Amino acid sequence: MAVTSINYFIFMQALLGSIASFWNSSIGKKFIVAITGLMLVVFLLGHLSGNLLIFAGRDAFNEYAYFLHHMLHGVGVWIARIGLLGALVLHVVATIQLTIQNKASRTDYKVQKSQRSTLSSTLMIWSGLTILSFIVYHILHFTVRAGNDYNSVEYAIMLHGHKAHDAYTMVMHGFSWMPAVIAYVIAMISLCSHLSHGVASIFQTLGLRNKKSAAAIDLGAKLYTLIIFVGFLSVPLSIYFGFVK
Amino acid sequence: MSTTLTLNLKVWRQANTQDKGKFETLKAEDIPVDASFLEMLDIVNEQLINDNREPIHFDHDCREGICGMCSLNINGIPHGKDSGITTCQLHMRKFNNNDTIWVEPFRSKAFPIIKDLAVDRTAFDRIIEAGGYIDVRTGSAQDANSLPIQKELADDAFASAACIGCGACVAACKNASAMLFVSAKVNHLNSLPQGQPEKNKRVLGMVRQMDSEGFGNCTNQFECEAACPKEISVDNIAKLNSSYTIAALGEAAGS
Ligand code: FES
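Quick note, the sequences are listed as chains A and B, same order. Letter by letter, the first sequence follows residues 1 to 245 in my numbering. Letter by letter, the second sequence follows residues 1 to 255 in my numbering.
Same shape as in the complex, but just chain A (with noise of 0.2 Å):
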């Protein structure tokens, strides 16, 4: 008994002792940094094709999102938002880190001319914060509805016979108003230029690029940007000039 809890004990410690030293290289690093990019990546799109049923009416979108809601008896959506937000908070300390790093081993030239840097390369810290501004705001704006009335009874609905919350009309009203908009614009922005370099990156770091693959990630990659674009925007705009009634 004395014997299995002590080699547990010192198995564990390896176990720690690898995962810091992973951590603590560069080459981790930006592994984790990879893997967690993809999850968000993948979130996106799923994100996004939820988004889009607001064109598909009031009572498609309000189903969704009560789907959302309780999917495995309300668990789901909180498994969902505990993995993103461990993702999410990895991705931006080890960014972070890294910048710090990157700054620390550079001593400037008077003159450096770059010959391959796209600049959204150059602004990832930049694009990153901003995004990352936003997600706070877009989370206090409609999960946890702070500032607005989105969590009364006049959002609460009668839906195929169950309670629900009238997402639509929350959604409807909150694009109507027009800072709401320009914050959702630049929040966009600068997120399909965090993508621009971020997607393409992903399978660099992860070691699945090279040259004769090159072309077909970049491709890819620059259409994932598009769509994520065009499809993130097309909702604020539709409802703000009126499109979606």
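Keep in mind the hints are simulated off the structure, nothing from the lab. Quick caveat, the model's predicted, so the values are computed rather than measured. All C-beta atoms, glycine included, are put in the ideal place defined by N, C-alpha and C. Honestly, I wouldn't trust all of these hints.
Under 8 Å between C-beta atoms, here's a sample of chain A residues computed to sit facing chain B [what the hints assert, rightly or not]:
(1) H70
(2) A104
(3) Y109
(4) K113
(5) S114
Pairs of lysine-lysine residues, derived as DSSO-like cross-links and limited to a Cα-Cα distance of at most 27 Å, are as follows [unchecked claim]:
(6) K81/B to K230/B
(7) K199/B to K110/A
(8) K27/B to K10/B
(9) K151/B to K113/A
(10) K115/B to K110/A
(11) K163/A to K222/A
(12) K212/A to K199/B
(13) K109/B to K110/A
(14) K110/A to K230/B
(15) K113/A to K222/A
(16) K20/B to K110/A
(17) K212/A to K151/B
(18) K113/A to K109/B
(19) K109/B to K20/B
(20) K113/A to K199/B
(21) K113/A to K20/B
(22) K81/B to K94/B
(23) K222/A to K201/B
(24) K151/B to K22/B
(25) K94/B to K20/B
(26) K199/B to K230/B
Dock chain B with the ligand against the given chain A, drawing on the hints supplied.
Leaving out everything else, chain B with the ligand in the frame of chain A:
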């Protein structure tokens, strides 16, 4: 077109590692267009010595593009803007009369400046010591066909082995990352049968040494590939990323 040039040089002068350093403006006169960039500096230095002034210190050795000793950031790009050449292979005919040329050392925290344009690149030597070799005694060169190696593998290994360790990748990188150098050295040996038995030990050792030397982290901008005089491919970096991860997982599972 005249066969000699007059140039305005803005050269980084720094007395020693601790010195703050500053740019000095020097006129380079009567520079033959056929001179290399280093020969141009030789001419300037001769003038400086004749005037009893301190000559510009810079690194060089073979002057034929194979040793990796010459360096210099020329107008913002390591080894100058032409691709696939070292500074010793850059010729003055690429410049115009009365051009202003900014000459800076290869800058990076991991490459401390020794004096003027000469930097200490022994961090690279320490990375090689951490695994950039094979442990078996190879004896004299064996018959070329006694160890069959796939053509593609041999080509890949050869392309990686072309790295001369000059440090242009570090100098060009916004993060002063040494990933292109390390990945070329790792893949050169890891893709050949002679290097296979120690491949995990090698990648772990070399990457850890790289990290401890204070180089930055790769952000996949590929400036290194554009600056590399031997045009080493960033495919090496992708391979290094996966081999390091596999080796680290293997190590964790074994512990
Ligand atoms: S001096 Fe040897 S490569 Fe330039």
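Holds or violated: are the alpha carbons of K212/A and K151/B at most 27 Å from each other? 17 Å, holds
Given the proposed pairing of K109/B with K20/B, does the C-alpha separation stay at or below 27 Å? Since the Cα atoms of K109/B and K20/B sit roughly 14 Å apart, the hinted pair holds (cutoff 27 Å).
27 Å limit on alpha-carbon distance, applied to hinted pair K20/B and K110/A: Given pair K20/B, K110/A holds - Cα atoms ~14 Å apart, limit 27 Å.
Please work out if K109/B and K110/A have their alpha carbons no farther apart than 27 Å. Given that 27 Å is the threshold and the Cα spacing comes to 16 Å, the pair holds.
Can the restraint linking K163/A and K222/A be considered satisfied, given a maximum Cα separation of 27 Å? 41 Å, violated
Going straight from one Cα to the other, do K81/B and K230/B come out at no more than 27 Å? 14 Å, holds
Taking 27 Å as the top limit, are the C-alpha atoms of K199/B and K230/B close enough? 24 Å, holds
Given hint K113/A paired with K151/B - CA-CA distance at most 27 Å: At roughly 37 Å apart (the allowed maximum being 27 Å), K113/A and K151/B break the hint.
Cut-off 8 Å, beta-carbon criterion: hint that A104/A touches chain B: 7 Å, holds
Check the hint pairing K151/B with K22/B against an upper bound of 27 Å on the C-alpha distance. The hint is violated at about 50 Å.
So if I understand the rule, the pair passes when the alpha-carbon distance is 27 Å or less; does K27/B with K10/B pass? 9 Å, holds
Would you check the hint for K81/B and K94/B, treating anything up to 27 Å between C-alpha atoms as holding? 10 Å, holds
In summary, the structure is inconsistent with hints 1, 7, 9, 11, 20, 23, 24 and 25 from the numbered list given earlier, while agreeing with the others.
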